[in-house]
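Can you make the complete structure from the sequences, with help from the hints?
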Amino acid sequence: MWYTSNSPGHAISIFFSDSAGGVFYKSLRLPGAPTDITVSRDGKWLALIYSAGGNAYVAVFAIDAYGDLTLAAASSPIGVAGFSGVAISE
1 MWYTSNSPGH AISIFFSDSA GGVFYKSLRL PGAPTDITVS RDGKWLALIY
51 SAGGNAYVAV FAIDAYGDLT LAAASSPIGV AGFSGVAISE
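One point on numbering: in my numbering, the residue at position 27 of the sequence shown is 27, and numbering is uninterrupted.
Derived by calculation from the structure, the hints in this document are not laboratory data.
No residue lacks a Cβ here, since even glycine has one placed at the ideal position from N, Cα and C.
Any given hint could be a false lead.
Stated by the list, open to error - Label-pair distances were calculated between CB atoms; the ranges are:
hint : residue 1 : residue 2 : range
1    : P77       : D18       : 38 to 44 Å
2    : G21       : V80       : 42 to 48 Å
3    : G79       : S7        : 18 to 24 Å
4    : D18       : G53       : 17 to 23 Å
5    : S7        : A62       : 19 to 25 Å
Claimed, not checked - Pairs of lysine to aspartate or glutamate, EDC-like flavour, derived with a Cα cap of 16 Å:
hint : residue 1 : residue 2
6    : K44       : D18
7    : K26       : D68
8    : K26       : D64
9    : K44       : D68
Right under this line is the structure:
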């Protein structure tokens, strides 16, 4: 699995491959443009910063065994239009 922030598409892009070397793509729409993204060392959590409507937010997603994402938590507006630098500490 590879996860990237797709700011123009307002999405998280998810790339994965199969045992035959095929590469596949899907995306998860967001309410705004993501700026930074990180995945926990154990591969179970993804956190990202995104901007929407002039406000910045932090969202955390659980990653299941198939690489699919489920929203686990989202912040209220941070109070700035945007910022960068997200990390997960275990």
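- [ ] Mind listing which of the numbered hints don't hold for this structure, in increasing order?
- [x] Violated: hints 4, 6.
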